[in-house]
Structures are given as structure tokens and as C-alpha cells.
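S.K.: Can you build the whole structure from these sequences, using the hints too?
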Amino acid sequence: MGLVTEPPSVVQVALVFGARVLDYVFNLCEGKFDFLERLSDNLLLKIICYLDLEDIARLSQTSSRFAKLCKSDLLWEQIVQLACDTITPDMRALAMDVGWRQVFFTNKIQLQRQIRRKKQKHGKHEKHI
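For the sequence shown, position 8 matches number 43 in this note's numbering, and the numbering has no gaps at all.
Do not rely on the hints blindly, as some may be mistaken.
Keeping only pairs whose Cα atoms sit at most 20 Å apart, straight-line, the calculated SDA-like set for lysine to any residue is [claimed, not checked]:
no. : residue 1 : residue 2
1   : Lys154    : Thr141
2   : Lys154    : Gln137
3   : Lys106    : Asp90
4   : Lys103    : Lys154
5   : Lys106    : Arg136
Label-pair distances were calculated between CB atoms; the ranges are [unchecked claim]:
no. : residue 1 : residue 2 : range
6   : Val133    : Ser75     : 23 to 31 Å
7   : Ala118    : Val46     : 46 to 54 Å
8   : Phe61     : Ala118    : 21 to 29 Å
9   : Val46     : Met131    : 33 to 41 Å
10  : Gly66     : Arg127    : 21 to 29 Å
11  : Asp58     : Tyr85     : 25 to 33 Å
12  : Phe70     : Ser95     : 30 to 38 Å
13  : Gln47     : Asn142    : 52 to 60 Å
14  : Leu63     : Arg152    : 49 to 57 Å
15  : Leu63     : Ile122    : 26 to 34 Å
16  : Lys154    : Tyr85     : 28 to 36 Å
17  : Ile122    : Gly53     : 43 to 51 Å
18  : Pro43     : Asp90     : 49 to 57 Å
19  : Phe68     : Ala92     : 39 to 47 Å
Honestly, the hints are just simulated from the structure, not real lab data.
In this text the structure is predicted, and so the values were computed from the model without any measurement.
Idealized CB from N, CA, C, for every residue including glycine.
M.R.: Structure (C-alpha cells):
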């Protein structure tokens, strides 16, 4: 629909609030609700962490909000907590450096190596102080 052929009230809504709000109002009038968009980020993160990795990848491509959530460190920390029996202080320290997503995708041998390197590096740093 072109704004030229729309009633003046529709044109005013588009001019004042923008096309996105106008589309949202039209969708509401047609009974189309996006309930996921209305949920808080914290609640969405709790839901997303139970999805399969492929579904998380697909969801991240649906909107900028979901892309941000699917890449967030908070999400990947929850996923690691669900996947691991225990999270050691060394794992937490490594996650502070590389991020929880990287910790999740690092296999156990690589993870142990990275933790050992971090400890050695930290030990050398303390000796110089």
C-alpha cells in the first residue's frame, strides 16, 4: 500500500511513529502477534539455552535481537553449565578471557591445555611482581 492512497490517519501514524510501528499495528489488527518479541531477554535466554545448536544458529539469523542473544556470553555460560557436570574456577577464568562460547566449542583436551597455559602465564606474571 502506498501512503498516497491511504487515509490521512494512516499517513500520520507512519510519519510520526515510522513504518515499523505502522506495520506492527496492521499486524495486530490482523491478529498476527509475535509473542517471542515481547518476552524479556532473560526469559528468552532461558528458552534458547535448551535449543539444539543448529536451531540456535538458525534463530540467530532471524533478527538483530536474536543474533545478539544467540551470541551473548550469558547464553553460552548457561549452555556450558547444562553441558558440564562442574565448572571449575579455572574454566571460569578462561571464559573471562576467551568467552563462554569458545569454552563450549573447545574440546576437553584443548580446554585442559588452555587452562594449563593460563596458569603458567599467570604464575610467571606473579613472579615478576
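S.K.: Run every hint past the structure and note whether it holds.
M.R.: Tested hints:
1. Lys154 <-> Thr141: Given that 20 Å is the threshold and the Cα spacing comes to 17 Å, the pair holds.
2. Lys154 <-> Gln137: 18 Å, holds
3. Lys106 <-> Asp90: 13 Å, holds
4. Lys103 <-> Lys154: Measuring from Cα to Cα gives roughly 31 Å; hence the hint is violated.
5. Lys106 <-> Arg136: Holds: Lys106 and Arg136 sit about 8 Å apart, inside 20 Å.
6. Val133 <-> Ser75: 23 to 31 Å: 28 Å, holds
7. Ala118 <-> Val46: 46 to 54 Å: Distance hint for Ala118, Val46 holds at roughly 53 Å.
8. Phe61 <-> Ala118: 21 to 29 Å: 42 Å, violated
9. Val46 <-> Met131: 33 to 41 Å: Violated, since Val46 and Met131 (Cβ atoms, about 52 Å apart) do not stay within the stated range.
10. Gly66 <-> Arg127: 21 to 29 Å: Since Gly66 and Arg127 have Cβ atoms about 47 Å apart, the given range 21 to 29 Å is violated.
11. Asp58 <-> Tyr85: 25 to 33 Å: 31 Å, holds
12. Phe70 <-> Ser95: 30 to 38 Å: 19 Å, violated
13. Gln47 <-> Asn142: 52 to 60 Å: 58 Å, holds
14. Leu63 <-> Arg152: 49 to 57 Å: Check passed, 54 Å falls within 49 to 57 Å.
15. Leu63 <-> Ile122: 26 to 34 Å: 43 Å, violated
16. Lys154 <-> Tyr85: 28 to 36 Å: 33 Å, holds
17. Ile122 <-> Gly53: 43 to 51 Å: For Gly53 against Ile122, whose Cβ atoms are near 44 Å apart, the range 43 to 51 Å holds.
18. Pro43 <-> Asp90: 49 to 57 Å: 45 Å, violated
19. Phe68 <-> Ala92: 39 to 47 Å: At 25 Å between Cβs, range violated.
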